[in-house]
Amino acid sequence: MRLAVTGGKGGVGKTTVAAHAHRILGWDAVDLDVTAPNLHLYLDCEEVERRRVHLLGPKVDPDSCTLCGECARACPAGALIVGRSWDFDPDLCHGCGLCVRVCPRGALDYVEIEIGEVREYRVRDTGSRLRSGRLNVGDRRSRHLVNHLLDRLEGDEILLDTPAGAGKEVYDALRAADAALVVTQPTPAAYRDLRRLLRVVRAADLPHVVLINMADVSERWTERIEREVDAPTLRAPRVDDPLESDELRDAVRAALDEL
Amino acid sequence: MRVAVMVEGDGVSARFARAPEIRVYEVEDDEVELVEAKENPAAGLPRGAGRQIVGVLTQLDVDATVAGRYGPNALQGLKAQGIKAYIAEPGTDPEEAARKAARGELPEG
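Chains A and B, in that order, give the protein sequences. Note that this note's numbering has the first sequence beginning at 10, numbered continuously upward. Note that this note's numbering has the second sequence beginning at 1111, numbered continuously upward.
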């Protein structure tokens, strides 16, 4: 099974729960939270490999280019401006390659544009692998890096730590999974984000359970979530050292059993 | 010389890429003629307006542009296309701004 651990709002304990799930199951893990990857900090890891991730963008042969502008008209991202010169903004390029294909003179070739890297770790206590995506600071192409990782999943027992939020890359990650563990907290902000995320989960159409972390913080909100959410819900207590807590570990184990 | 003046209301716009209107003037021997006025298609873009507007001005085949100020992406793109970026006080009469730009009396961005 490929299991996604996800949570609409940041700070609800998604990665802590993912760390517990990893230690319980012992599966290889992939950190898809590429703008702030941190699962490796929650596990006892050593880095074994680091690879850069590229898109393919265009480069021009100025001797062949007639500045006809076909490439700029074809570019869906608006990364090319062609008038008195051929001007390309690599930050806007999404690597679709249309420009290279439409050029009537064959004046364009591919060049690599770096968007981030993938670091691979060995987790000491489980002996399994953690692959972690890391987007370059300020880059907007998180979805490309997430899909780069999803396209390279190996094996059937994988834990996916999804990006935060309820965006397209979260949907992509859920589509790659067979089940989802959705983490939330009993607060108005977390519940609002949970409802948004659950719409994405339903669109991805996979079995899921909701783990209400720190449920004892607000009985009122916990009950409201349990009443209104159309999925099995479980409670996890507030604890002092969540990463080492047996109580939280037991709650995660119970949630995994539900799946 | 063809000059594109970025307009908001009746005067030069403080913003370049997100100005609502573009007026293109043909300036010759201090004679200023309005040859085209159009809505700025880049004004409402969520991002990358600074790039797109350069594409628009390239199609309008202008030699220079006037606005209150410019963003870094826009300036870089304008430079690449050889379009001069002049700065005028926001609210300046567009025709007057075009004349001064053609004379080279305005500071460059």
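Keep in mind that the hints were calculated from the coordinates and are not lab data. Just so you know, not all the hints are guaranteed correct.
Straight-line C-alpha distance at most 30 Å; calculated DSS-like pairs for lysine-lysine [as the list claims (entries may be wrong)]:
no.: 1; chain 1: B; residue 1: K1210; chain 2: B; residue 2: K1148
no.: 2; chain 1: B; residue 1: K1189; chain 2: A; residue 2: K68
no.: 3; chain 1: B; residue 1: K1189; chain 2: B; residue 2: K1148
no.: 4; chain 1: B; residue 1: K1210; chain 2: B; residue 2: K1194
no.: 5; chain 1: B; residue 1: K1194; chain 2: B; residue 2: K1148
no.: 6; chain 1: A; residue 1: K68; chain 2: B; residue 2: K1210
These are the hints, each one checked on the structure:
no.: 1; hint: B/K1210 with B/K1148; result: holds, 21 Å
no.: 2; hint: B/K1189 with A/K68; result: holds, 19 Å
no.: 3; hint: B/K1189 with B/K1148; result: holds, 23 Å
no.: 4; hint: B/K1210 with B/K1194; result: holds, 13 Å
no.: 5; hint: B/K1194 with B/K1148; result: holds, 20 Å
no.: 6; hint: A/K68 with B/K1210; result: violated, 38 Å
Checked against the numbered hints above, the structure violates only hint 6.
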